Amino acid sequence: MRQSGFRSIVGLVALSAVVEASNEKRAFDVFNFVDPLIGTINGGHVFPGATLPFGMAKAVADVNNPDEKQGGFAADNSDITGFSHMHDSGTGGSPSLGNFPIFPQTGCAGDIINNCFFTKDERASRRINGTVVAKPGYFAVSLNTSIHTEMTVTNHTALYRFNFPSNSSTISYQNRTTLPYSPLILVDLTDLPDSITNGVVQVDQTTGRLTGSGTFNPSFGIGNYNLSFCADFSGAPLRDTGVWINNRAGSQPKMLKRVADGVNSPPLPAGAWIQFHPPPNNQILARVGVSFISTEKACQNAEAEIPDFGFDKVQSAAQDTWREKLSVIEVDATGVSEELQTVFWSGTYRSMISPQDYTGENPLWNSTEPYYDSYYCIWDSFRSIHPLLTLLDPQSQTLMVRSLIDIYRHEGKLPDCRMSLCKGFTQGGSNADVVLADSYLKNITTEVDWKTGYEAVVSDAEDEPENWAVEGRGGLTSWKTLGYIPTDDYDPYGVGPFTRSISRTVEYAYNDFCIAEMAQALGNMADAEKYMARSNNWMNMYKADQTSLVSNTTDFPNSTVDSGFVGFLQPRYLNGTFGFQDPSLCSPLYNFTSCYLNPDGHETYEGSSWMYTFFVPQDMATLITTLGGPEEFTRRLSYLHASGLLYIGDEQAFLPVFQFHYAGRPGLSAYFSHFYIPSQFNDTLSGIAGNDDSGAMGSFTTLSMMGLWPVPGQDVYLITPPYFPSVSVTNKQSGKTAMIKNVNFDAGYDNIYIQGATLNGDSYAKNWITHSFWLDGGVLELTLGKNESAWGTREEDLPPSSSTSG
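The sequence shown runs -21 to -1, 1 to 785 under mature numbering (1 follows the signal peptide of the UniProt record, and there is no 0).
These are computed hints drawn from the structure, not numbers from a lab.
On a predicted model such as this, the values are computed, not experimentally measured, just so you know.
In this text, a Cβ means the ideal position worked out from N, Cα and C, and glycines have one as well.
Take these hints with a grain of salt, some might be off.
In the DSS-like style, the derived pairs of lysine-lysine whose C-alpha atoms are separated by at most 30 Å in a straight line are [unchecked claim]:
no.: 1; residue 1: K430; residue 2: K459
no.: 2; residue 1: K292; residue 2: K276
no.: 3; residue 1: K522; residue 2: K459
no.: 4; residue 1: K292; residue 2: K711
no.: 5; residue 1: K715; residue 2: K745
no.: 6; residue 1: K114; residue 2: K276
no.: 7; residue 1: K99; residue 2: K236
no.: 8; residue 1: K509; residue 2: K430
no.: 9; residue 1: K509; residue 2: K459
no.: 10; residue 1: K99; residue 2: K233
no.: 11; residue 1: K276; residue 2: K236
no.: 12; residue 1: K765; residue 2: K720
no.: 13; residue 1: K292; residue 2: K304
no.: 14; residue 1: K522; residue 2: K509
no.: 15; residue 1: K765; residue 2: K711
no.: 16; residue 1: K711; residue 2: K304
no.: 17; residue 1: K114; residue 2: K765
no.: 18; residue 1: K304; residue 2: K715
no.: 19; residue 1: K276; residue 2: K99
no.: 20; residue 1: K233; residue 2: K276
no.: 21; residue 1: K720; residue 2: K304
no.: 22; residue 1: K720; residue 2: K745
no.: 23; residue 1: K304; residue 2: K276
no.: 24; residue 1: K745; residue 2: K765
Quick list of the computed label-pair ranges, beta carbon to beta carbon [to be verified]:
no.: 25; residue 1: V242; residue 2: D100; range: 15 to 23 Å
no.: 26; residue 1: S782; residue 2: T347; range: 39 to 47 Å
no.: 27; residue 1: G202; residue 2: D46; range: 32 to 40 Å
no.: 28; residue 1: E445; residue 2: S742; range: 55 to 63 Å
With the hints as extra help, turn the sequences into a complete structure.
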């Protein structure tokens, strides 16, 4: 009897726990932990406005801070100059897009059109503190003109709701005079970097429709692009229309052309305007369609996507789309701080902003394949964004892969960076090769033409383009004959910046390894052997006796000391002799910003030889032996992190956080993951370590906190404990759910060291796992403790290397 009663009590307790967990799950709202404003100051350049996942239309308020407006908006004290409809997120180069901004005014002083404010400088307005609201699919802000602007989007159309001061016939503006209540909305033929060369705008005096187009420059590439817009309005009777140029406006004519005159650079500011009688409910809606095809297509996009100006309906649909995208992940966040939950979900959100789906908007060629753009840049995104999308959204990753292959079909090379239909600058290797290999190995197959995909990566390895500054690889003759990219190379076969010989060498080596993987999987063993051999070329830049003096380290802030480590990658000339580049050059400790893409740059790109010496993900076993064995390797890698030599705000720094696995010290990978999160990645406005590069920083935090770090280009995930009691991902390809579960989890993160693991109930000793776990589903259970253990430390437990595992 007592036993039966005990069972009943246990059953009730268990049932109560299930009900409580179910209620918590129903109460959970992911939007409570998505903050699009993270990274909108101090160089993060994050776009915080309204967008759909990978959407083309991206609406936000644009600011006039030249150092912070790359994503349009910045959470600082800069003025707002307009609201525009297309943006990129996190770019490190010049500002991007922001074309055809519109700007509302309550009225013109004295009811005289010329007394309104037309140029960017004149109309720039302060924001009212505390009025910015940013969430998936929605952005809002109030200006000191008392106009509150809200915005939401569909894929090619932005919808704005301007809320004018209520119950007012006159409005005081900037302490100048009273304004009659007759709202004016202008459009400006410009973009964020003022790159327009030619443009045209016109206004329909009957309907008030504004249309126009312009020719603009990309922010990090060559060439130009044409873009068109179509703006319609609802909510108030039309009063008058016209155009403006410089700071003057008139009701006639109704069309204006803007051309480069050879004197004014950029051309004089110009645009069109529309004025209304007072809106009955103090609201005017503006619907702006955009298109790379024509103004007619821009109007078609707007009419098809938002036929009825239903702001709340459009916003709700955008939010539903975001909830569905994010729903593939489920976390048990018991005990986890709101800060870390916000870091996790906000990073995941930002990982799905770009690349952008421009399918149907590519005027460059006719194709039935998808077209994606805004790859800023694959040099950044191959390391974490695309591996994360392969996990969370394999359908979108499949479309992106098909798009990359189609770009090769029509332009002859895979891109390494691409924006606004233009070729972007190649920063290192041909890293679309890594994206394709990673996708091929992880079952991205639906309607992918992998025969052409393989042809494309082989083209990168074998055929040097005329301009390898924007596609493919340079120095291929030296690469094939000498086995490295020489400093001051002789290369009459193509042009590009003759710099970065060290970083290009190690990246070309890894690119070739990824091609070898594809060749082997396709049964092309001759190619597999050739490219596997080339993947060893990194060793030809290694100078075994090179020492390193370092200054201002964490332990010795005001002195220069011998690091105690010997052997670094160094420049090497055509005749085989070595040059010298200080191994710490271009680290945070020494001349940090001297290794960019400029023609007089150095032999590493955006990082030091200290860091690039670790970039041998294809053969870490040989690297570890070369650097003195596991213990010495561990000491050196720890020094890289702890000394201040590594800048985690650049994407090349991501993999070194987890490379301790290869030396049999997976616990140190977990330790240094927590070393950077949340100290460098948190929920503040400046809460990312560097510019976001289309979500790369966000994908770093998501993958780190999920606990399985993907080695990009390989079917390898390095196991560390998630930052949650458990994390589950439902794979949309297979429909299966994979869960990583922590036993002995503590939210203070003292227990971060794996003591043992089971996979679907069976003991699991390897410190890595393959993509089949995500595809097939199952439970990986990790038992945690306060100290490192023997788990994952044996040689047979280590991740594969080309020299030991084939």
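**List of violated hint numbers, smallest to largest** = 15, 17, 27
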